[in-house]
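Going down the list, the protein sequences come from chains A and B.
Sequential numbering of the first sequence, starting at 1, is according to the working numbering.
Sequential numbering of the second sequence, starting at 1001, is according to the working numbering.
Be aware that a few hints might be false.
[Claimed, not checked] To give an idea of the chain A side of the interface with chain B (calculated C-beta under 10 Å), a few residues: (1) L23; (2) R180; (3) L183; (4) E184.
[Stated by the list, open to error] Listed next, the stretches of chain A that the computed footprint assigns to chain B, with coverage defined by at least 3 CB atoms under 8 Å from CB atoms of chain B: (5) 30–40; (6) 47–58.
None of these hints come from the bench; they were simulated from the model.
Ideal Cβ placement from N, Cα and C applies to all residues, glycine included.
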Amino acid sequence: MDITDRECVEAVLAGDRDAYRHLVVRHSASVFKTACRMTGNEADADEVVQETFLRGYLQIRKFELRADFGTWIYRIGVNCSIDLLRKRKRQGAMRVADHEEYGEMSVQAVDGSASPERLLLSGELEWKRRAAMGRLTEVERAAFALRHMDDKSMEEIGELLEISADSAKQAVFRAVQKLRRELEPLRVKQ
Amino acid sequence: MKHLSEEEIYALSQRADGSRHEHFAECEQCAAEFDQTRRLLEMTAAAARIDGPGPGYGDRVFAAIRSSLPVYGEVKPKQPKRSWWAWWRTSGGLAFAGAAACLVLLAAAFWAGRVFEQRRGGTGMETAKGNGAAGQPNRVVFVVVRDHLDRSERLLMELDHAGHLTRLDRGPLEREASDLLEDNRLYRQTAAASSDPALASLLDRLGRVLVEVAHDPSTLEGDSSTRAREQMNLDGLLFELRVLRDRQDSKETKL
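Same shape as in the complex, but just chain B:
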């Protein structure tokens, strides 16, 4: 006897009317399988008849999950994309740019000034040096040298007109000569370096007189005083000094 397949038995077991196939009357094995399958499905259907979760179940479920639910309406609207200019304006960029522009202008002005000065003949120091080399010392040099020459002239005049001096009389002259001596050395060196031979020569001879007066008081005493004055040729030196001072004055006026 040919048995029904399991699939056929399963299909027969699902008949809604619950009728048995005629084969089962003849085949005990297939009938047993059929009954077993029917019983399984009946058990399953019975197990499916479950009670609901009871009243208030939905509320309990919602309460349990509520805190995990995001609120969709709270999503912030997307901000329109800001242009770089708007960002620049609101973030203090303009102030920064202004400050940077000022710095650039300042630097440019400084640079332009330097270039202008260089084209005009170098820096202030170089100008003074260049003028000195050309025999044209600047106004400060003129004033200082002129003052030195004036003081020296006054000292020489006092020496020229002084007779025999006592120890007390010659004290101020010695101190003045000593003061002038140091300045004179500096001006002489400067005049020699700036190629002004006339001034350098005068200051050289003036220096020797000042040394004599400051360190050898005997030149101002007794007969030796007259002799010393002749040796120093104070009159000639005074004349030269005045000529040179006049020349300095005229140069200063031109400047």
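Bound-form chain A, shown alone:
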């Protein structure tokens, strides 16, 4: 019989540390994916997942048994991702690609009528997008990733980032503006 999230939490609180393994196994993949989308690479996502479940265990006494553990740990994962982005920014590790390096570049290989699949074939374009993502602020990047990668509504984003829905909307829009301008030199020549 499969043990529920609530029973796992109760077991952990009763002293069964290994009961937490069920929760990690059950929810680590989704946290990993979100972290991967927000941070942009698997190594950082892996770090976020460990930090998320460690933080979740240490705060598990605050978890309300009526709530959904998946949602709760997802929120912790988002916060951990933002923390990591801030950390990386401080370390200067986000400069995956230098703006000037690609600034003068004009990709002509991509046809304007090309399908999205063809666009994705361009590794250069994807590299450019990732570099542009790295230059967003943590909130803009998180809001954009949650909106267009995790399909969260503005209300959900606001709740996750502890800002209002309007602020979340503005953050997403600013991110789109910046990314579009960053990718403008890649405009396909007609």
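Please arrange chain B on chain A, whose structure you already have, making use of the hints.
Below, chain B without anything else, positioned relative to chain A:
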């Protein structure tokens, strides 16, 4: 021609049906921006389609963090607060208190004894001194003086009954007189200090006789012997000594 705002273009790019606004057919600039935004969002959506971490990932994560996880059940139950009396009982406080009480009682008894003695008339030394001053020496003094008087009486009697003594005969008398002389001086001083004039006077005259006997052997030889004995009035001294000794005896009996 009025262009669409970036916000409007962004909103149009999110249309689920993917249809284009009619404005884009007329405005190349807005259409380009629209296409660019659509392309960005498509790229982003494509990038979001990532594979999962693979099987066993959760177990690996748990293994990595397990050693950092505290066991909540191991938290020791809070000990009930012990009362000061319980702590006192178990920490040897009672034994300590008992010892302290004994010391206090001992000190109190000592202090009470001192107070009692002071109210009764001072310390033992002061009592002896006070009694001496009043002409009532304590029992030890009586015994010692009485012994001295007995020995002196025996010496005087021997002198009184002795005739002409040879050099060999007078040797023991001289040694006895010499022994008594030193004691006699001390007792005389004590009697004078304790205001006992009768005893002091007797011991004074006895001292002179003892000096004569101890240091002037000629007093015990030939005719001078008889003369010396008359001068020393040994008979009178013996009488006085006996009277005084009797008085000492009666005082001792009273004590």
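Evaluated hints:
1. L23: Holds, about 9 Å.
2. R180: Holds. Min distance 6 Å.
3. L183: At about 6 Å, which falls below the 10 Å cut-off, the nearest Cβ of chain B leaves the hint on A/L183 intact, so it holds.
4. E184: Holds, because the Cβ-Cβ distance from A/E184 to chain B comes to roughly 7 Å (cut-off 10 Å).
5. 30–40: This one holds; 4 residues, not fewer than the three required, reach chain B with a Cβ under 8 Å.
6. 47–58: holds (count 6)
Comparing the model with each numbered hint stated earlier shows that all of them hold.
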